[in-house]
Amino acid sequence: MVDVLGEGSVVRPSSQAPSQAPYTQSQNQSDLGDKAYMTMEVDKKTVFVNESMTLKIKLYVHNLSMRDITYPDFNHEGFSVTEFGKPDQKPEVQHGMSYEVLEFSAPIFPVKPGDLKIGPAEIKGTVIAQMANRVKRSIFDEDADQDVFSDFFGGFQSFPLTLTSNAVDVKVLPIPDAGKPDTYQGAVGTYSLDVQAQPSKIKLGDPVNLKMTVKGSGNINTVTAPLISVNEDEFKTYEPQVTKQENDSKTFEQVIIPKKQGPALIPKVALSYFDPSSRSYKTIEKGPFPIEVLKSEVDQSMKVVETPKTGAEPETQEVFGRDIIYIKSSLGRTVPAGKYLFQKGWFIILQIIPVFMLGLAFVAERYTSRLRTDISYARGVRASRKARQSVQKVQRALSQGAGGKFYDNVFKVLQDYLGDKFNLPPGAVTADVIAGLLKEKNADELVTKKLVDIFAECDMARYAPAGIDSQKTRQTFESVKEVIDYLEHIRI
Amino acid sequence: MRKKPCFIWTGSFIVAAAVCALSAYALDAEFISAFDAGNKYYEKGDYASAIKEYGKIIGRDTASGNLYYNIGNCYFKKGDIGHALLYYERAKRLMPQDADLRSNYEFALSQEKAQGQMAEKPLTAKALDILFGGLTIDGLAIYLSSAWGLLIFCLSVSIFSRGARRLMPYALAVIVIMALPAAAAFQDRLAGLERDAIITAKAVDAKFEPFDSATTYFQVNQGNLVREIDEKEGWRKIRRADGKLGWVKSDSLEKI
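Here the protein sequences come in this chain order: A and B. Under my numbering, the letters of the first sequence match residues 2 to 493, in that order. Under my numbering, the letters of the second sequence match residues 91 to 346, in that order.
Hint data in this document are derived by calculation from the structure and do not stem from the laboratory. Bear in mind the structure is a predicted one, so any value in this text is a computation, not a measurement. Just so you know, not all the hints are guaranteed correct.
[What the hints assert, rightly or not] Once the Cα atoms are required to be at most 30 Å apart in a straight line, the calculated DSS-like pairs of lysine-lysine come out as:
| hint | chain 1 | residue 1 | chain 2 | residue 2 |
| --- | --- | --- | --- | --- |
| 1 | B | K211 | A | K340 |
| 2 | B | K334 | B | K297 |
| 3 | A | K340 | B | K297 |
[What the hints assert, rightly or not] What the simulated footprint calls covered on chain B by chain A, stretch by stretch (three residues with Cβ under 8 Å from a Cβ of chain A suffice, anywhere in the stretch; the number is not a length):
| hint | stretch |
| --- | --- |
| 4 | 145–158 |
| 5 | 244–254 |
| 6 | 287–299 |
| 7 | 315–324 |
| 8 | 334–346 |
[Unchecked claim] Here are the in silico distance ranges between beta carbons for each label pair:
| hint | chain 1 | residue 1 | chain 2 | residue 2 | range |
| --- | --- | --- | --- | --- | --- |
| 9 | A | D445 | B | M258 | 25 to 35 Å |
| 10 | A | I353 | B | A254 | 19 to 29 Å |
| 11 | A | I349 | B | A106 | 57 to 67 Å |
| 12 | A | P337 | B | A106 | 15 to 25 Å |
| 13 | B | S102 | A | P337 | 23 to 33 Å |
| 14 | B | A254 | A | Y464 | 56 to 66 Å |
| 15 | B | D320 | A | Q344 | 55 to 65 Å |
| 16 | A | P337 | B | D320 | 42 to 52 Å |
| 17 | A | Y378 | B | A106 | 54 to 64 Å |
By construction, the Cβ of each residue, glycine as well, lies at the ideal position given by its N, Cα and C atoms.
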């Protein structure tokens, strides 16, 4: 019963092959003898660095069911290995026995020169084997339970199995220096090159796309973009890009922009590679590619609207680099270090002054508004202000010497002053009224008497002006002065 | 005879004033000659000697924006961006509106940014910088003092005039809006006056605790502006612009 890839599929080495065995120890390869074994081979024993070679790992199985087979895992130091593809399965006869063969193959590339070793490779799987030497026992046997089930499932057992192959020695040669062309960039293999420059007719300023396809056998990873040597004055080139990569082909695209109008030639494209089969370097060249560069349409339409140039210079780059600005040539204003305005006494005092101003403004407002609203207060203030004027007026009358006029003046001044002082209408200012008010306010009685006397003198002078002399008028003046002075100094 | 002492007093006063004026003039002349000598060394590319010459003026407790600016340039040319930024900051305190200074400061900062990240200031601090960055601390003091004067003036006018009293809320609002951010900026400057510092060593480890063995919290690069919060035996607790706190060694920073 051969069932190499039985129900289970091939499992990648990274995943653990699930063990369905009831026994813990794994089956040894030697136990199986030539029923299952594994080989490893390469198509070349001597290769150059990066030369492609094919690694084949074969699993031989004879009359055995094996499943959950992993992909081979092997030592490949010094080699670049790609993943194995789906294995081939075919029958093969070896040593007179027929085997089911599972063949894994993959291209591998040595990455360094020297005597290298590949393998051994290891494959894990599960073997289903029939219990060959088991004697069928009766159902009355001690292990009856177990046997009943064993028989029921046909007496098969599964074992985990690890197979190991031989190792292969490979001699890796370095790529020779002799005859290496300048354009060689490390490609190894046998390649062909196809180049297309599209479009062949363009307008000035438009790009030409250079599509370069490299095809062949070998390590395609080592193939770099083919080289093109252009004149910088004629063309502007951009870095080539890999647009497509398969196992045996690689496509590069490069953008080239012609700088001049008229017919032009895109120069030759060259690809150099080392051909291991002939042990020599080879260079493929393609091109040159003729193209035609037409006048730019944009330019023409611009010319139509463009105003004639007035000799203006084309704009040039103004800023070329950046550095610090040069040192200052003068010391400039010097200040004592670490001294600030806000720490100065006068500055702090300056901040307090506005507060005083505000206080003053407040007081002034109170005063003027009282003058406006409080008539008696306003009159009192006016009286005080007039007191001095009043005394002066009396003095002037005195110097004029006219007796009757003097007393008239004295009376008027007093009437005016006292009216303001006590907030009385002019007619109400009489000796009696004033005396009464002064008494109310506890004024000096002597002064009150003087005032009453003055009023009496004024009356007398008005009705009997004959008895007035300068001595008397002077006396009256002094009394008036005294009285006003007194009234100004007491609080009423 | 009685006039003589008066004459002596006046005379001695004049002499004293003259001596003062002369000595001040001599001092100024000394500074200018040191400054010019520094400039000559700079022209020759001898930046260390230039710094030495400029340093003579600073040693006499005299500062000038141009002086700090030139010293900053010297350090920049020497490749010491930390000290260059330190002196540019010092110059900025005296002449924040100088265009050359701003340009060089930004250039030095961009060089340092290319080396390692600089801590970003919070948005409010940035806004204050935009509004009042062009004023010196004295300028801010005058600005605030004027706002204060204006406030009092408005209040005084409103005492006398009923019409003015009606407009008072608007006037007050305008003054407050103008003065409050300035007050915040002034307060910040005052706080930083004695405590703002520039990291002058390269890639300084700021630690959780003031020991060599303490865990490193973050790193501050040279040129970073930090504020000192605390001090302990050779260590300084700093606050970086983004608000992170950590302890660094005292010799890795210098006060502005």
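Here's how the hints hold up against the structure:
no.	hint	verdict
1	B:K211 to A:K340	holds (27 Å)
2	B:K334 to B:K297	holds (11 Å)
3	A:K340 to B:K297	violated (34 Å)
4	145–158	holds (count 9)
5	244–254	holds (count 4)
6	287–299	violated (count 0)
7	315–324	violated (count 0)
8	334–346	violated (count 0)
9	A:D445 to B:M258: 25 to 35 Å	violated (50 Å)
10	A:I353 to B:A254: 19 to 29 Å	holds (24 Å)
11	A:I349 to B:A106: 57 to 67 Å	violated (29 Å)
12	A:P337 to B:A106: 15 to 25 Å	holds (21 Å)
13	B:S102 to A:P337: 23 to 33 Å	holds (27 Å)
14	B:A254 to A:Y464: 56 to 66 Å	holds (59 Å)
15	B:D320 to A:Q344: 55 to 65 Å	violated (25 Å)
16	A:P337 to B:D320: 42 to 52 Å	violated (29 Å)
17	A:Y378 to B:A106: 54 to 64 Å	holds (57 Å)
Checked against the numbered hints given earlier, the structure breaks hints 3, 6, 7, 8, 9, 11, 15, 16 and satisfies all the rest.
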